[in-house]
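Peer 1: Given next are the chains, with one letter for each unit.
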Amino acid sequence: MRSKFDSPIVLLGSRLLAPYIMLFGWYVIIHGHYSPGGGFQGGALLAASVLLIRISGGRVISRLQIQEFATTPLAIVGVVLYFGTGLVAMIMGGNFLDYAYLPIPGMEADWLRYTGMLIIEVGIGLAVMAILIMIYDNMVKGEDHA
Amino acid sequence: MYWELELIIFVFLILSAIVALEVKDLLVAVVMMTIFSFLVALLFVAMGAIDVGFTEAVIGAGVTGILFVVVVYQTSRKSND
Chain X
74 MRSKFDSPIV LLGSRLLAPY IMLFGWYVII HGHYSPGGGF QGGALLAASV
124 LLIRISGGRV ISRLQIQEFA TTPLAIVGVV LYFGTGLVAM IMGGNFLDYA
174 YLPIPGMEAD WLRYTGMLII EVGIGLAVMA ILIMIYDNMV KGEDHA
Chain Z
2 MYWELELIIF VFLILSAIVA LEVKDLLVAV VMMTIFSFLV ALLFVAMGAI
52 DVGFTEAVIG AGVTGILFVV VVYQTSRKSN D
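Same order as they appear, the protein sequences are chains X and Z.
Numbered according to my numbering, the first sequence terminates at residue 219, and the numbering increases by one at each position without gaps.
Numbered according to my numbering, the second sequence terminates at residue 82, and the numbering increases by one at each position without gaps.
Bound conformation, chain X alone (with noise of 0.2 Å):
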C-alpha cells in the first residue's frame, strides 16, 4: 500500500490507533464470561489492530510487528490450548471440556471452571488472529503494495 500513497498522516493515525484497538481485544476476551464479546470477537479485534499497521505501513515496518512465519505456529498454539483443555479433563475422568476436572492443585470447583473457560477463550482469540493475519499475508502474495 506504501507505492500507491506514501502518507505519513494515515502511518501516523495507524500508529497511534492500533494499540489501543490491540488493548479492547485482550479486554474482551478476558472479560468474555459475563459481558458480550468472548475468544473469536477479541481474535478479530487483535487481527484488526495488526491489519491495520500492515496495510498503512507497507512490509518493512509491518516485518518488525509479527512476521509472516509466525503465524502458522501461533495458529497451532492456539488450537492446541483448546483440546489440550478438554482432553486433559477427559484424562482425569470428566467429559470433554468438562473443567471441573482439570488437575490445578487447590482450587474450587467454581474456580477451576471460570479459569478452564479463560484459558479455552484466550486459546480461540489466538487462533482466530492468526489465522485472519495468515488470510491477509496469502492474498497480499509478498508484494510491497496491497
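Below, simulated DSSO-like cross-link-like pairs (lysine-lysine); rule was C-alpha separation at most 30 Å, straight line:
hint, chain 1, residue 1, chain 2, residue 2
1, Z, Lys25, X, Lys214
2, X, Lys214, Z, Lys79
3, Z, Lys79, Z, Lys25
FRET-style restraints, in silico, Cβ to Cβ:
hint, chain 1, residue 1, chain 2, residue 2, range
4, X, Val152, Z, Ser80, 36 to 42 Å
5, Z, Thr76, X, Phe142, 23 to 29 Å
6, Z, Asp52, X, Gly86, 28 to 34 Å
No wet-lab data here; the hints were simulated from the structure.
All C-beta atoms in this analysis are idealised placements derived from N, C-alpha and C, irrespective of residue type, glycine included.
Based on these hints, arrange chain Z on the given structure of chain X.
Peer 2: Frame of chain X; chain Z shown alone:
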C-alpha cells in the same frame, strides 16, 4: 421502543445499499459496504442482540473492509490479454 431511531437507521441503510450497488468506483462501493455493516450492527444492538452486533461491527466493518481493499487494489478494470 426505539422506533424513531430504527427508522432513521433503516433509511440510511437503504441509501448506502443503493449507492454501493450503483456507484462506478469500486473503492467507494467498499466504503459503502462498510457503512452498511456498521448500520446493521447498530440495528442488531437496538433489537437487543448485543453479541451479534459486536461480531458484525468487528468482522463486517473491520476485517472484511481491509480484505476488500486488498482485492480492489489487486484487480484492474480492463483485462490485460
